[in-house]
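Going down the list, the sequences are from chains A and B.
With my numbering applied, the first sequence has no gaps in its numbers, which climb one by one up to 577 at the end.
With my numbering applied, the second sequence has no gaps in its numbers, which climb one by one up to 1163 at the end.
To be clear, the hints were calculated from the coordinates, so they are not data collected in a lab.
Among the hints, a few may not be true.
One-sided and incomplete, this derived list gives chain A residues near chain B with beta-carbon spacing under 10 Å [claimed, not checked]:
| id | residue |
| --- | --- |
| 1 | Ser-126 |
| 2 | His-130 |
| 3 | Leu-557 |
No farther apart than 25 Å at their CA atoms in a straight line, the calculated lysine-lysine pairs in the BS3-like style are these [stated by the list, open to error]:
| id | chain 1 | residue 1 | chain 2 | residue 2 |
| --- | --- | --- | --- | --- |
| 4 | A | Lys-232 | A | Lys-457 |
| 5 | B | Lys-1067 | A | Lys-178 |
| 6 | A | Lys-155 | B | Lys-1137 |
To be clear about the criterion: a stretch of chain A counts as covered by chain B if any three or more of its residues have a C-beta under 8 Å from a C-beta of chain B, and this derived list gives those stretches [as the list claims (entries may be wrong)]:
| id | stretch |
| --- | --- |
| 7 | 48-60 |
| 8 | 112-125 |
| 9 | 280-293 |
Beta carbons: idealized from backbone N, C-alpha and C, even for Gly.
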Amino acid sequence: MSSDELTGAEIFVKCLMEEKVEYIFGYPGGAVIGVYDAMHDMSHIQHILTRHEQGAVHAAEGYAKATGQVGVVLVTSGPGATNTVTGIADAYMDSVPIVVFTGQVATHLIGNDAFQEADIVGITRSITKHNFLVKDVRDLAWTIKAAFHIASTGKPGPVVVDMPKDVMASRTAFNYPKEIKLRGYHPFYFGHIGQINKAVEIINSSKKPVLYVGGGAINSNASREVYNLAKKLNAPVAMTLMGLGAFPTDDELSMGMLGMHGTWYSNIAVDQCDCLIAIGSRFDDRVTGNPQRFSPNSKKIHIDIDPSAISKNVKVDVPIVGDVRHVLERLIPLVQPLDTMEWLKQIRDWEKEHPLRYENGDQIRAQYVIQKIYELTNGEAVVTADVGQNQMWTAQFYKFKNPRSSITSGGLGTMGFSFPAAIGAAFGVKDRPIFSINGDGGIQMNIQELTTAVGNKLPIKIVILDNGYLGMVRQWQDMFYKKRYSHVSLGTNPDFAKIADAFGAKGFVTDKTDEVEPILREALKINDRPVLIDFKTVEEDNVFPMIPAGTGVEQMLDYPKSVNELKTTKDRVEATK
Amino acid sequence: MKKHTISILVENKFGALNRIVGLFAARGYNIDSISVGTSEDDSVARVTIVSKGDDDVIEQIIKQLNKLIDVTKVVDLTYEGFVERELVLVKVSANRNTRPELMQISEIFRSKIIDISPRSLTIEATGSEQKVNAMIKMLEPFGIKEIARTGRVALKREFEGLV
């Protein structure tokens, strides 16, 4: 044994330093005790001890989404590994670059039903971009390099590296490869020029264009290019939930979010447009409703780095496989400015007829809370939303100005995502306020991470839109199940403000509209610990507009004049002609 | 729905086949037959899958297979012109009276008898799926005891017109 040989655990630490990792979100255990020993004296990398492995993965996702860097997770074998599964699936659906290192029992015990053994490579095969079991310490450095390479290039995604205990204890010389060549992996960035030219032809002859911008635009850091294209074409922009912030929502060309709970006018515009330019978006069912009836009159251009996203849900006329930024860089000089004055005026008219709206009263409206947070932070905070009504109201009423600011679980729809994701974002972003928006249901799914946030003095503003219900399910039961509220009441909620105080955070609670702004102002002044605000909101409020699942825009429902009145506008097509 | 023969080259690593089969299962694609073995390169295995589906589904299958990091090449041979063979072993009931006819059938299909006992014969045949099916049909009246089929293996044809 030569003295310059290192253990697997030491190589692991060295590799992370080579990858310039700043933070590891993790939780120790028996199978990784050797790895944690090697991490005892590390100086350049900070380990963040979460209080549950799921929290660690969502924190890594929040960090990755906020910074564009790879998020790193380290957990032990068995239950440690299986607790990461939801977060990994979440990262897979939303294309988040994370690398999850899991401990594994020693190689001679694998398959023996050993203590804390789980086949995590098998379990995560269909929810990772790729995964590895390291069986020999000599493969470790290469595998880690490959894991970071795969996670961060092409369409980003989660990679799992399973590390048996004995492999991490054995020794070998450390050589970090400079580059990785994988013969089965060649992401294609540049887009075919023939396809780009075809797209240009369609765009230049368009009178009613719409940009339909998704998370791919954010992943490829293409906000500037999206902005330049929209401005050059004078084309209105609709964003998906994952695309929010790719284009400034307060811009005159922005139509906000489209889809099931998107703005009325963005959905009508997509329906009526003659040219739909899909940019890093994937025609998800929450956007298209019934795909047969989606944007029936348009020529469709689809820019996406993932060939399998092309024509998966909706047939497009011109697919361009490539990285959004690279493709737009080549496309923008080729397109002509369009005369869209009338088209934009038409959209503004639709907006005037059907704006996003709610009526304020003494009892707090969730929409009002989000509106106030937007105003007080000037649209520049990082906001992590959970899943359900709170998420949709955040998407509607927080007008994101910047990319990597809206952080939410879009594809998987993971309740309990918001708060741990905000913890990760708070490590990555220090110069802007971090808001975590939650329902009273979702916050209880990872509330243990208050310890993590307090321990690290993270000034996260945790907002609970507390309506005492699993609001979105209640809304569906209200609208589609004859108001039979089956097991959606959260009547036995704890006193959230007291919980916050007990954890060492600062808790507020109010049920009065006129206290919303003063409390938010006070919360923004507290910068040495998390603040939790329990806003007791209107109990039975529904999110509108709404296109019921699987239908088209002609079934779109606007906000009713009173909460219980639903206005179906079947004559929409007539009205808008 | 058309039958497609898809030839896949995949890193010859543990778990790689599982990724392919798992993808078909997870996304609800159908597998008519699958055969696996090493290719001309030891580090690469060739997997031949026969799948049924309309064009959209087959297109997705190929795109999804290409996304697997361990998969280095995917070809839908259906549009290429290809040679295909399947190997089958059939154990069929036989006695003094039926044995001569069985041997004749075996000869017609250019197959071999590789095991014999007082009450049975085992016949080895190779050929296209249709040929194998035809032979099995001919043997059925005698009483088939067991069948083992390899599933289709296939390679792209180099020149049109050669066998």
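Tested hints:
1. Ser-126: holds (5 Å)
2. His-130: It holds, given that the least Cβ distance between His-130 (chain A) and chain B is near 4 Å, below 10 Å.
3. Leu-557: Hint violated; Leu-557 (chain A) Cβ to chain B Cβ min 32 Å, cut 10 Å.
4. A:Lys-232 / A:Lys-457: The hint is violated at about 45 Å.
5. B:Lys-1067 / A:Lys-178: Within the cut-off at roughly 24 Å; holds.
6. A:Lys-155 / B:Lys-1137: violated (50 Å)
7. 48-60: That given contact is violated, which follows from only 0 residues of the stretch 48-60 of chain A lying within Cβ reach (below 8 Å) of chain B.
8. 112-125: It holds: at least three residues are needed, and the stretch 112-125 of chain A offers 3 whose Cβ sits within less than 8 Å of chain B.
9. 280-293: Per the Cβ count (0), the hint is violated.
The structure shown violates the earlier hints numbered 3, 4, 6, 7, 9.
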